[in-house]
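J.: As you go down the protein sequences, you meet chains X and D in turn.
Just so you know, we're using our numbering here: the first sequence kicks off at 14 and counts up by one.
Just so you know, we're using our numbering here: the second sequence kicks off at 31 and counts up by one.
These are computed hints drawn from the structure, not numbers from a lab.
In this text, a Cβ means the ideal position worked out from N, Cα and C, and glycines have one as well.
Careful, some of the hints might be misleading.
[Said to hold, decoys possible] Straight-line distance between alpha carbons at most 25 Å, and here's what the computed SDA-like set of lysine to any residue pairs gives: (1) Lys-183/D to Phe-52/X; (2) Lys-40/D to Glu-226/X; (3) Lys-81/X to Lys-40/D; (4) Lys-183/D to Arg-131/X; (5) Lys-36/X to Phe-52/X; (6) Lys-183/D to Ala-85/X.
[What the hints assert, rightly or not] Under 8 Å between C-beta atoms, here's a sample of chain D residues computed to sit facing chain X: (7) Pro-78; (8) Val-81; (9) Asp-120; (10) Ala-158; (11) Ala-187; (12) Leu-224; (13) Leu-238; (14) Thr-241; (15) Pro-242; (16) Leu-243; (17) Ser-244; (18) Pro-245; (19) Leu-307; (20) Pro-339.
[Said to hold, decoys possible] Stretch-level coverage of chain X by chain D, calculated; a stretch enters the list once three of its residues show a Cβ under 8 Å from a Cβ in chain D: (21) 35-41; (22) 58-70; (23) 99-107; (24) 167-174; (25) 180-186; (26) 228-241; (27) 372-382.
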Amino acid sequence: MSEKAQILSGAGSLGRLNGLLRKEFAQIARDPSSIAIAFLLPAMLLLIFGYGVSLDAKNVPLALVVEKPGAAAASFTASFMHSPYFRPRRFLTIEKAERAMAAREVEGIVWLRADFTRRLAAGGAPIGVIVNGVDANDARLIEGYLQQISAGWITARAEDRGMPAPMPIRVQPRVWFNPSLRSRNTLVPGLIAIIMTLSGALLTAMVIAREWERGTMEALMVTRVSIHEILLAKLIPYFTLGMGGMAASVAMAVWLFGVPLHGSLLLLAAASALFLLAALGMGLLISSFARNQFVAGQIAIIATFLPAFILSGFLFNIDSMPAPIQAITYLIAARYFVAILQTVFLAGDLWSVILPNMAALALMALLFLGAARLLARKRLD
Amino acid sequence: MRRVLALVVKELLAVLKDAKSRVVLIGPPLIQLIVFGYAATFDLNHVPFAVYDEDRSAASRDLLARFAGSPAFSERARLQSARRIARLIDAREVALVLVIDPRFSRDLFSRRPAPVELILDGRQSNTALLILGYANEIVTAFSEEWMRAHGGKEPAALLDMRARYNPPLDSRWFIVPGIVALLTQVVTLLVVALTVAREREMGTFDQLLVTPLSPFDILLGKGLPGLLIGLVEATLIILAAVWWFGVPLRGGLMPLYFGLLVFVLAVVGIGLMLSSLALTQQQALLGAFLFMVPSIILSGFATPIANMPQAVQDLTLINPMRYFLVVVRGVFLEGAGFSALLPQYWPMAAIAFFTLLAAAWLFRRRVY
């Protein structure tokens, strides 16, 4: 037995792992791009998206066409002036307003025809509304706001004249967990899940592929290091980095974006750890499957970011998707993490949500890590 | 010219020869188009809801039947007590609970506004807002019919709402053309971003630099394969959008393809620039990511640019996808032509020009 081999065997498994870990940490410290992925990427993305992604339509440019001015028309248009949702602009004819809409200068048109005042007395006076339907979601929101404003005006007018309420039903919405329906409160926790999916998979997707490509994997194989130790040595440093990035994201969500955190930090940390294990496991799996950085990188982008963005339920309602697509969403780890984050942030430690989702995350972590372990056997093709 | 052609052929081979990278280029984008085309919708279908009817009158049953009959909602539970409401909402089993007040029918007949309470889950604010809109529509329709049937007076004014360009307000018509832009950018950027970095890492880029090829030739050789692959990919997706998803294509193919060409050029330019800045493939991939993710989220693909704060809106001006989204949606839904899309074409052309120029300059300067 050579001297070197003696030292290696004498150090035992823990010593070998230690050595590998030192190598991984040294590699991370040397190429700052890993640290950038772990800290800079989440912070930067959360900053831009937290401010940039919003579904709250405000100051929507709106054309008001009043063909024949009068007291009723004036009081109707006045109710738009103070609305935070609209920035009204007056047009003299419907043709001019339509042209402005075609040029995307206004998103919608409210049109009071010449006979508006006359027909009010008989009831059923038509208020023409034309919205630009290209962005259907936005159009629906605008229609909703317009309905609110006109219903408010009609009710106030009936009250002024001592007439019975024109609408027989009064809808009272009660929104739990987020009474002001601030979209940032929903989107920021969701974004954290998306961003962590991304950095988690990116961190590990390329590391094993890089060793294969550079031939250092084969060098590692001839040592006494077991495949367990190689995988553990890859996991531990990136897990540490990922948790750091997660902590930074949560701090930003609370202090910068003012998202309330009702649940416990401990639970949040536990869920994040499980999720990171799943994400890193997926990265390792991709990495040991692809064996070259080009393919590994492509799969990481295609299989992690886009599905997490569209299928996790952070932006699009999962219940509304067709059944086969809903079945696919069960395979997306971000789906469970989004549910946990939104609940822990906005509602608190509700076990009926947290337990099943944590169990699913644990299962996925096990599945991915197990598959990565199977695929990463010591073999040469 | 022959030299450039040889380089183009070599680059195409480098991408298409490897079975794994060939599959990665063709399979996932098409699968994603289908999956995302169905998944990415802001329309509500089968949203689970529960009912707590304290009135149990003919009128309340009539109103509830309208909710149960709407394709947007699907009834999961009838509650006997208010206690289960919290359990159902907390566990996200339902997104809406309709509570009908015991005074509902009495108030209805005595012409006082009859209370109906909607309990919504605010953890998903956009869904809650949409549910509220759909529910209001159902209640309004019920109210109008009830007033007519019971000799009430019509309200003084009625909204007559129409949507231009997308009368059914189908959000798929909005999202699927967006996917053309999304996947074209992803595929093109991936093909281009690693090309220079790979050669740098392997050391073959230095060899390329000492050949008689000028930086402009290298630019053409590296850029053309990406351009070709991007155009083919986009064509496939456009065909699927029209034939599979049935999105109306109202405008001409010329303004669409002109926009596509300029857009793909801009993406190729950005990819080559990132690639020549990077020393390793990992850095190039990271760079591609750092560009791609914000450029998708801040493009107006899913959330409107108009809702962003001014500073972020200014940032989107350097994002080519922002302009191309207007082009695809404009041509598909509005039937827009060249002159209407000119304000979208020239910024993309400017981005393409500057990034390609920068890439060619970086080829020679960045030698390590």
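J.: Does each hint hold? Answer for all of them.
T.: Evaluated hints:
no., hint, in the structure
1, Lys-183/D to Phe-52/X, "violated (63 Å)"
2, Lys-40/D to Glu-226/X, "holds (20 Å)"
3, Lys-81/X to Lys-40/D, "violated (70 Å)"
4, Lys-183/D to Arg-131/X, "holds (16 Å)"
5, Lys-36/X to Phe-52/X, "holds (21 Å)"
6, Lys-183/D to Ala-85/X, "holds (19 Å)"
7, Pro-78, "holds (6 Å)"
8, Val-81, "violated (15 Å)"
9, Asp-120, "holds (5 Å)"
10, Ala-158, "holds (6 Å)"
11, Ala-187, "holds (4 Å)"
12, Leu-224, "holds (5 Å)"
13, Leu-238, "violated (18 Å)"
14, Thr-241, "violated (23 Å)"
15, Pro-242, "violated (28 Å)"
16, Leu-243, "violated (23 Å)"
17, Ser-244, "violated (27 Å)"
18, Pro-245, "violated (24 Å)"
19, Leu-307, "violated (12 Å)"
20, Pro-339, "holds (5 Å)"
21, 35-41, "violated (count 0)"
22, 58-70, "holds (count 10)"
23, 99-107, "violated (count 0)"
24, 167-174, "holds (count 3)"
25, 180-186, "holds (count 7)"
26, 228-241, "violated (count 0)"
27, 372-382, "violated (count 0)"
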